[in-house]
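**Student:** Got chain U sorted already, so can you dock chain E onto it with the hints?
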Amino acid sequence: MIVQSDAVVGLILFILLGIAPYFIAFYLNKRDGLI
Amino acid sequence: MNFYLGVFIVYCLFILAIGLWAAQRVKSGVQFAVADRDVPTWLLVPNYVATFLSAVTVIGGVAYASSYGWAYIPFLPLGLAVAWIILVFPAKKFRELGLSTAPQYIEKRYNSPGLRALASFVTILMYGVWLITQGLGIGVVLNVLTGMPITTAIIVVGAVYVLYVTLGGFQGVQWTDAVECVLMYIAIIAATIAVIINLNAAGVSIAANPKLNSLFAGNTASFSNALAFVLIWAFGVTVQSSYLHRFLAAKDVRTARDTIGIGSVLLTVFYLMTAIIGIGIGVLYPEYAGNQAFPSFLRYKSPVILGSIGMVGLCAAVMSTTAGLLHIVGTYTSRDIYAYLVPGHRHDEKKLLLVSRTSSIVFGVIVTALAAWMTFKPIPQIAVFGSNAYTIMSSVLWVPIYFGLYWKRANKTGAACAMIFGLIAAIIGLELKKAGILPFHEVFLGVSVSLISMLIFSRFGKSEEVQLGQPGEVQTERI
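As given, the protein sequences belong to chains U and E, one line each in that order.
Numbering-wise (the working numbering), the first sequence opens with residue 14 and increments by one.
Numbering-wise (the working numbering), the second sequence opens with residue 302 and increments by one.
Same shape as in the complex, but just chain U (with noise of 0.2 angstroms):
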């Protein structure tokens, strides 16, 4: 195990978190008809 469990979850949540804006940005300009 490279670092504690705690600092894997902290680094996944992080990456999901990071790149959710780019997912909510496609979903609301397609809702508008946008793309």
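Read the hints as simulated data drawn from the structure, not as lab findings.
Model, not experiment: these values are computed from the prediction.
Wrong hints could be hidden among the right ones.
[As the list claims (entries may be wrong)] Computed list of lysine to aspartate or glutamate pairs in DMTMM-like fashion (alpha-carbon distance at most 20 angstroms, straight line):
hint : chain 1 : residue 1 : chain 2 : residue 2
1    : E       : K512      : U       : D45
2    : U       : K43       : E       : D553
3    : E       : K512      : E       : E588
4    : E       : K709      : E       : D339
5    : E       : K652      : E       : D337
6    : E       : K552      : E       : E397
7    : E       : K552      : E       : E732
8    : E       : K328      : E       : D339
9    : E       : K328      : E       : D649
10   : E       : K552      : U       : D19
11   : E       : K602      : E       : E588
12   : U       : K43       : E       : E397
**Tutor:** Quick look at chain E alone, frame taken from chain U:
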């Protein structure tokens, strides 16, 4: 002349040339403020990312990770990610209204030029303080890397960005930001690779220092502290004019949203690399842990080429942020404060351009001079103000902006009380915190009082909703 100094001079001339080239396009106040609201995604994304990444992010982030390891993630990046998610939502409304400044939203939503001027005044004051602290920061870094006296470094960096912002406005900012964004990523990728190579060469894993392996340490030693920091950044970042302003310059609503969407992915990668560099340095050279971690690694543990690339990346981080802040200060002084005081010039774009440029250069010279002055005689109040700017801006602006967007019954009376009582509560909160009485972060007091004020006092004012334009309709009002 040492190699670092040579690279620094070439970098400054290069950025100045780009800024001055872009400045040729600026003929009116609207071009200065929002580049004719025609910026495409490929240009706005690096503009947003470069403005977001400051010396504090890079040097401070590496410093924190070198001391507390993965606890850096809940301390800063996690809260930023929550803020990026929130920021996607106002993009549409802000772009559709054809605004020139973010506080103009408050004027339109609550039908009050006075509240717009107040929002602008608070922002200008806080950004002025940040400009001083950023200037000081790069002065110290350049001193470590090039040996240049701190004062000289502050003045040279100040001269470059003040000049291209004054002449080029948003045009100057967006083109220099695009280049600076690329330089920052080259630097951070190169530094990450260097740290990994050094770890391999030393035969140690990034987990070799057990102190750096936990999610909970330092300022976020418990889950509740970590949650508090997530909220602090979420409130603080989502009211920043320097980010909201990017929506106003976007070509269309889709561009405004995509800027946050794509920008967030790029920023996620950047913050992960910052963490790896910081923890790597903490494992390899624990003696460097702290504020000097990154500059010392570049200067003493890297080949000259990598050190120079890193230095250019740090300069790019500082200049892109300071330029973005100064542009906001110049634009807001002209369009929110001057146009409020002299209503007859509200639609005189030539006049507004002149005032924008004059205020940019006056503010730029003052903040650079103050930063240089502080190298001889520190002014403690400025550091205190700088570190509390997020609290004050969140307490004044968060509720009026986001309740304005999502609560139909929010009105002028509620917004005015939310801003004024939020400001008072934030100042009292800071004093109580200093006295050791407040058991939680002062931002929660400020935002809570602001929120309660909005809910209570919106009952007293007129409750009709101000029409902000229909979805899809782009209003092209010039101020």
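**Student:** Indicate, hint by hint, whether the structure satisfies it.
**Tutor:** Results of checking the hints against the structure:
For the hint pairing K512 (chain E) with D45 (chain U), the CA-to-CA distance comes to about 48 angstroms; that exceeds 20 angstroms, so the pair is violated. Restraint check for K43 (chain U) and D553 (chain E): satisfied, since their Cα atoms lie roughly 14 angstroms apart, inside the 20 angstroms limit. As the CA atoms of K512 (chain E) and E588 (chain E) are separated by approximately 14 angstroms, the hinted pair is consistent with the 20 angstroms bound. Distance restraint check for K709 (chain E) and D339 (chain E): the Cα-Cα separation of roughly 30 angstroms exceeds the 20 angstroms cut-off, and the hinted pair is therefore not satisfied.
Of the supplied pair hints, the one linking K652 (chain E) and D337 (chain E) holds, its CA atoms being roughly 17 angstroms apart against a limit of 20 angstroms. A distance of roughly 10 angstroms separates the Cα atoms of K552 (chain E) and E397 (chain E); the hinted pair therefore holds under the 20 angstroms criterion. The straight-line distance between the Cα atoms of K552 (chain E) and E732 (chain E) is roughly 44 angstroms, outside the 20 angstroms bound, and the hint therefore fails. For the given pair, K328 (chain E) sits about 15 angstroms from D339 (chain E) by alpha-carbon distance, which is consistent with the 20 angstroms threshold.
Under the criterion of a C-alpha separation no larger than 20 angstroms, the hint pairing K328 (chain E) with D649 (chain E) is consistent with the structure, at around 12 angstroms. A threshold of 20 angstroms between alpha carbons decides the hint, and for K552 (chain E) with D19 (chain U) the separation of about 42 angstroms lies outside it, so the pair is violated. Of the pairs offered as hints, the one joining K602 (chain E) and E588 (chain E) holds, with about 12 angstroms between alpha carbons and a cut-off of 20 angstroms not exceeded. Under the criterion of a C-alpha separation no larger than 20 angstroms, the hint pairing K43 (chain U) with E397 (chain E) is consistent with the structure, at around 17 angstroms.
When the structure is compared with the earlier hints, violations turn up for hints 1, 4, 7, 10 and for no others.
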